[in-house]
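Peer 1: First to last, the protein sequences are chains P and Z. So for the first sequence, our numbering puts the first residue at 123; every next one is plus one. So for the second sequence, our numbering puts the first residue at 82; every next one is plus one.
What the hints contain is simulated information worked out from the structure, not anything from laboratory work. In this text the structure is predicted, and so the values were computed from the model without any measurement. Hints are not guaranteed to be accurate.
What the hints assert, rightly or not - Not the full set, but computed from the structure, chain Z residues with beta-carbon under 8 Å of chain P:
#	residue
1	Leu120
2	Asp122
3	Ser123
4	Asp257
Claimed, not checked - Across the chosen pairs, the derived CB separations fall in these ranges:
#	chain 1	residue 1	chain 2	residue 2	range
5	Z	Thr152	P	Met366	50 to 56 Å
6	P	Arg337	Z	Thr115	51 to 57 Å
7	Z	Gly106	P	Arg525	16 to 22 Å
8	P	Arg131	Z	Thr152	38 to 44 Å
9	Z	Pro244	P	Glu199	41 to 47 Å
10	Z	Ala134	P	Pro398	34 to 40 Å
11	Z	Thr115	P	Ile394	50 to 56 Å
12	Z	Asp248	P	Pro398	45 to 51 Å
As the list claims (entries may be wrong) - Stretches of chain P that chain Z covers, calculated by requiring three or more beta carbons in the stretch to come under 8 Å of a beta carbon on chain Z:
#	stretch
13	176-186
14	191-205
15	208-219
Ideal Cβ placement from N, Cα and C applies to all residues, glycine included.
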Amino acid sequence: MSGLKTNNRAIKWLDNRLPIFSTMNHHLVDYPAPRNLNYMWNFGSLAGIVLVIMIITGILLAMQYTPHVDHAFDSVERIMRDVNYGWLIRYIHMNGASFFFIVVYLHMLRGLYYGSYKAPREVLWGLGVIILLLMMATAFMGYVLPWGQMSFWGATVITNLFSAIPWGIGDALVTWLWGGFSVDNPTLNRFFALHYLLPFLIVGVVFLHLWALHRFGSNNPLGIDAKGPQDKIPFHPYYTIKDMFGLGVFLIAFAAFVFYAPNYMGHEDNYIEANPLVTPAHIVPEWYFLPFYAMLRAITFDISIPFTGIVLIDAKLGGVLVMFGSILILFLLPWLDSSPVRSARFRPLYKQFFWLLVVASVVLGYVGAMPPEQPWVTIGQIATAYYFAHFLIVLPLLGKLERPKPLPASISEPVLKGGGQPQGAAATHKPMEKA
Amino acid sequence: MAESANAGHGGEGETRRDFLYLAAGAMGLVGAGTVAWPLIDSLNPSADVLALATTEVDVGQIQEGQAITVTWRGKPVFIRHRTAAEIEEAEGVPMADLMDPEPDEARVIRPEYLVMVGICTHLGCVPLGQRAGDPKGEYGGWFCPCHGSHYDTSGRIRRGPAPRNLDVPEYEFRDDTTIVIG
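Here chain P stands alone, though its shape is the one from the complex (with noise of 0.2 Å):
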């Protein structure tokens, strides 16, 4: 379990000059992992996959795309019809954005659950919320590439958020935006460039989560710190192996979107060619946008919201500031969390309110998806309510009123005791007591 063992001359004489095996090794193949990483800890490398997937198919797309308001709608459809497997390169990509935020949400639910956020990951739990706003500035300006309705009028709708900047900011800002007076070609373009720019950006966020990830290692579902090298296991075999597996269960659930439901996730109006004279009946984002959308609708009147005290907004600036800030509020989590226990399985009551937090977000997820009327409107503002105390009232009390339960005293202990807390599979056994 220690350095890189090779006998291979050339590999050595580079590895000397420039440490890249040794590096690999370090960080892939000795690297020591808790031995007791459930299969809630696939989702990291699973995220890793599916970006290089995204890349890999947006630059072919890249390839055959024109982004240009006369072109970009028939040159996508000249890669549906006429490219070479293009239908398959595309539905990859399109289906890809959607299981990349599945992935990524599930990974932060795990982060949550785990309480890997906690002190000392605050700062790679920052780095993966920088990298989600990435993800999401991505997305959005990649469905605008197409130049269908849902394209343009989403286009409209959100950079029209900032126009909810008070002081003639706002409108200045937006014409800055769009490069002119309207979503228009200029809009496009620079679209286009940064949706092409952004990913890199990602992997570039991507290698400090994981130099800040390598620094103390990964959380374990017990959530407690390793005693020893007794509770690890070096990453090769033992997590390559778990993690392939993984790969080849979300790929099975991929395909299947991918070739029998391609346009499952997406919205039959952006198959009409964008107009900007007639606004869809109905506009919504993607799926993975719909929480937020509803926070965005759920400040409908002109008063104060939670986190800003006293200060009076209207609705429209109130709005933009709750969807911002429901994503702005996880920069501050490792903070508003004032519990010392990691793990939700030695905190009854955090499990609970863990798992309401779970239901609002999805019930703000179905509300985004539904007009904005009654019952809805009230559902979303109760959900949105409880999104925001979890974080600035539940979590902050709570380390301070729940009696967390007994810890083990180590992550080996209570597997070598047999019947202590469920584990993780593979990992639990003795690793080659067979062998």
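Dock chain Z against chain P, hints included.
Peer 2: Below, chain Z without anything else, positioned relative to chain P:
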């Protein structure tokens, strides 16, 4: 821990493991190839490009001695309505004088219409000689200004660095005055 994995394995166990490695590796390779092919193939000419792969030309409008240039698959195609003198000259050249020996009959369907891809076989420039005032080279055909290749009235390379005669595309006469290239 990991080291103990290989302890106690006899020759038989290793054979089985080798088989699993090979079988899994081969399966993985087939899978990777299956995924890679659509990605690579997407860069090949698409259906709309292939649909434009033939060009129809009315050659009846070309006066004797005149030449026109049409576009076929993004490339210039020279069509010259040759004079009797030019045809005679092209047919009369002894094979021994040619750098890339090819009789004139093999390069035309009807001797009066010479149809060639107008791209110098050296490095891809478009030779001069289509318009009335152009230099036609020392052999009365075409002259490539890039590196000085001279082509005769059959479009055959006679002098200069080009390795081959100008290419003759696949074409056919749909009727007396219409040809379809490609």
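Peer 1: It remains to establish, for every hint, whether it holds in the given structure.
Peer 2: Verification of the hints:
The restraint placing Z/Leu120 at the interface with chain P holds, with a minimum CB-CB distance near 6 Å, inside the 8 Å limit. Using the Cβ-Cβ criterion of 8 Å, the hint placing Z/Asp122 at the interface with chain P is satisfied: the shortest such distance is roughly 4 Å. For Z/Ser123, the interface hint holds, the least distance from its beta-carbon to any beta-carbon of chain P being 5 Å, beneath 8 Å. Annotation: Z/Asp257 was flagged as interfacial toward chain P, and the flag is violated, the nearest CB pair being 35 Å apart, outside 8 Å.
Separation of Z/Thr152 from P/Met366 is about 52 Å and conforms to the stated range, judged on CB atoms against 50 to 56 Å. A C-beta distance of roughly 39 Å is found between P/Arg337 and Z/Thr115, which places it outside the suggested range of 51 to 57 Å. The hinted window of 16 to 22 Å between Z/Gly106 and P/Arg525 is violated, with their beta carbons roughly 54 Å apart. For P/Arg131 paired with Z/Thr152, a C-beta distance near 56 Å fails the hint of 38 to 44 Å.
Taking the beta carbon of each, Z/Pro244 and P/Glu199 are about 43 Å apart, inside 41 to 47 Å as hinted. In this structure the supplied range 34 to 40 Å holds for Z/Ala134 paired with P/Pro398, their Cβ-Cβ distance being about 37 Å. Under the hint 50 to 56 Å, the C-beta atoms of Z/Thr115 and P/Ile394, about 34 Å apart, miss the expected range. Between Z/Asp248 and P/Pro398 the CB atoms are about 49 Å apart, so this pair conforms to the stated range of 45 to 51 Å.
Requiring three or more residues with a Cβ within less than 8 Å of a Cβ of chain Z, the coverage given for the stretch 176-186 of chain P holds, as 5 such residues are present. Against chain Z, the stretch 191-205 of chain P contributes 4 residues with a C-beta closer than 8 Å to a partner C-beta. That satisfies the three-residue criterion, and the hint holds. As drawn, the stretch 208-219 of chain P meets chain Z at 3 residues by the rule of a beta-carbon pair under 8 Å; at three or more, the given contact holds.
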